[in-house]
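Q: One letter stands for each residue in the lines below.
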Amino acid sequence: MRTLRTFLSIGLLLIGPLVLAQGTFFVLRYQTGVPVGAFRDYLQRTSWSGFNMGIRVVPSSGFAVGVDMAWQAFEERKDFDTYTFGTASVSGVQFRYQSTFQFSGQAEYFLTEGQDLMPYVSMGAGALRVRRTTQFGLFEVFENPWQFMLKPGIGVTYFLSRNAELLFGIDYVVGFRSRELEGQSYLGFNLGFVFRTS
Amino acid sequence: MKTYLLAAAASILFTGCSNLGPEFIDEMDLIYTNFSPSFNFQAQRTYYLPDSVVFIQDDLEPGELPEMVNPLFADRILQRLRSNLNRLGWTQVNDYMAADVVLFPSASKTVVVNYWYNWGMWGWGFPGWGWGWGWAYPGFFPPTVTTHRTGTFFVQMAYTKEIDANGYMPVMWTLVVDGLFEGTTQGILNRIDFTTDQGFTQSPYLNINAN
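Going down the list, the protein sequences come from chains A and B. Heads up: the first sequence begins at 1 in our numbering, then just goes up one per residue. Heads up: the second sequence begins at 1001 in our numbering, then just goes up one per residue.
With the rest of the complex left out, here is chain B (with noise of 0.2 Å):
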């Protein structure tokens, strides 16, 4: 019986734990986009892109300047950004008060970012909006963001012609990346690459080829 109670025990001990997990970085990355489906896509041609890319922080005050993403990291997303437009039919104008909508990138090492309103994602002038603007979202729900850890890097597409009197601008499209900002420089380049293009592919309403 001893030997059976062993071999009983043995098959309990076989029982192993859990030994499934993310194994590398990109694992841990996650691509969020959002739209407005009131908003027609299909209808705009154009877009201005900022050359720089802000770096969200809580403790600015109003009227201060926030830092710019290292352009090593920051180049790379916004010409990330411009390849995806211009492949899906989008044409880059130099004047933002010309272009149907603009795009506002920004990063973020904080550990909550109110996604409504943040002084530090562009809230503290654009040219030509002053300061002191928020964010609209017609028709869906921008998600609060939280980050350990983590480098996430945000882009609002917004629809500048119908700033209300509020002073809040309409967001058509949002796209958010987050995951460690870790590993090798060339890691975090050839993640921003893929993270990015598939924000890109899975908002297939942007693609205006077809007008």
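Bound-form chain A, shown alone (with noise of 0.2 Å):
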């Protein structure tokens, strides 16, 4: 709950000033995770559960800049297994829990303009904080870091009406390992809107 009312009011001391400025779009996503690398090693199963948002300005044509917020939730039951370390063995079922929050700055480059369909390429950076929660039989382990954050994308908006776009993208992101954890990438599938105030 700390870690959502930081990310919040963080937020709102950055959007306030992109609010007021011309040319301000939001967005607004759903989205789905896919672990990769260390991350993938821990838990497997596509996350279902997620959602992206953000503000951007557009200082120049074609270009636009803002910050992100976004959570995604993964879990997994690992079936009864035997886990082996020196010379304890330990067996059981394990059910694995992960969440992430993300607070990104982050830049798009439209490749087109004025078209229905507009592919854009994005780069983001910032914070990612994991909550990691390891329950085995009636023990559990707990781990929550924060770890440093890259987040390039693509995507593309497909025009709807003039205050709104359909947007499907694809995020890829790359926490970096921490003291606690290695990082913890996934691959962010993204369907959402796209809302123009002007």
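Since the hints were derived computationally from the structure, they do not count as laboratory data. As the structure is a prediction and not an experimental result, all values here were calculated from the model. Here a beta-carbon is modelled for each residue, glycine too, at the ideal position from N, C-alpha and C. Misleading hints may appear alongside valid ones.
Pair ranges (Cβ atoms, derived) [stated by the list, open to error]:
{"hint": "1", "chain 1": "B", "residue 1": "S1083", "chain 2": "A", "residue 2": "T46", "range": "42 to 50 Å"}
{"hint": "2", "chain 1": "A", "residue 1": "S178", "chain 2": "B", "residue 2": "N1070", "range": "45 to 53 Å"}
{"hint": "3", "chain 1": "A", "residue 1": "V65", "chain 2": "B", "residue 2": "I1025", "range": "20 to 28 Å"}
{"hint": "4", "chain 1": "B", "residue 1": "P1037", "chain 2": "A", "residue 2": "W146", "range": "33 to 41 Å"}
{"hint": "5", "chain 1": "A", "residue 1": "T84", "chain 2": "B", "residue 2": "S1052", "range": "30 to 38 Å"}
{"hint": "6", "chain 1": "B", "residue 1": "L1065", "chain 2": "A", "residue 2": "T84", "range": "33 to 41 Å"}
{"hint": "7", "chain 1": "A", "residue 1": "L187", "chain 2": "B", "residue 2": "K1161", "range": "38 to 46 Å"}
{"hint": "8", "chain 1": "B", "residue 1": "G1063", "chain 2": "A", "residue 2": "A38", "range": "51 to 59 Å"}
{"hint": "9", "chain 1": "A", "residue 1": "W48", "chain 2": "B", "residue 2": "Q1186", "range": "49 to 57 Å"}
Chain A side only, calculated, beta carbon under 7 Å to chain B, not exhaustive [as the list claims (entries may be wrong)]:
{"hint": "10", "residue": "D79"}
{"hint": "11", "residue": "S89"}
{"hint": "12", "residue": "G92"}
{"hint": "13", "residue": "V93"}
{"hint": "14", "residue": "R96"}
{"hint": "15", "residue": "G137"}
{"hint": "16", "residue": "L138"}
{"hint": "17", "residue": "V141"}
{"hint": "18", "residue": "N144"}
Hints are included, so try docking the two chains, each in its own frame, into the full complex.
A: Take a look at the structure:
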């Protein structure tokens, strides 16, 4: 909860001035997540629970900058198995949960303008808050590190009306190793809307 | 635009909360084993198994005898230990002084069990060794077990021929089964069977059949 409050506070501080700017647009997306790399070693199941929201200003034609906030929850049941550490072996069913909060500065470049379909490439940089809980029998291990994050992406918007566009995008959320945990990376597939204020 | 806003809001609502989690009691069971890497299991042949399972109590005074676990469950634990050991090539003997190893089964519902020494954990006195001795774990570390609403049973395989001058008995293999002590009697018995068998499955060094 404290993490969410921190995100919202930072978000409001940064978003405030943007709302007053000309050419502002908002992005609201439903997001699925597919773990990759070290994260996939821990959990393989695709997440169907996630969203991404952001705000952008357009400082020059075809170029947008802003901030994103996102949340994605992963979970997986590991069937009964035996885990060996040195001379010790432990068997049981594991339940693994991991949610990630992202907060990033974003930049987007649109490859075309004034078309119904407008492909774009994007890059984000910011922080990833990981909350990992591993439940093994009646025992629980909890980890919640911060990680530096980069978020390159590609996507396309489709004209719906003067103020709204449909958006489909793919983000590669790259978490960098922290003291507690390997980098937690995943692919995010987004479907949502762009809302323009003018 | 309102339509799209509603669609966007609906997509966020579609983002559900977790619905994954243990559905059955046996999904909470854990089976832990550990052993001394310096001990030559292959050189051992015989074991002694008591005819009861001690119920570990924290408030036991020195000299006071502990309760024993309900024979319905204790007999099942002992029977399962016996059948697994026999299957792996061990021979049961009735004289603990003649046995290569002695198994000390115990069970607990207490909050924390000090695995290094617990008075109720057979430390109250086993025939031949008197009372007040503790456990030594050569080359490995046992867990501290914290239990909540759980039933935990422990088995210590001790090499009684090497009790040191301080009265510490070396434990060469340990099995801890932890889970919720809930469900039907038959359900608990089935879980005792499965978890005990699993303890031996994940301890292949106990197989002395090849000798």
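Q: Out of the numbered hints, which ones does the structure contradict?
A: 3, 7, 9, 10, 14, 17 and 18
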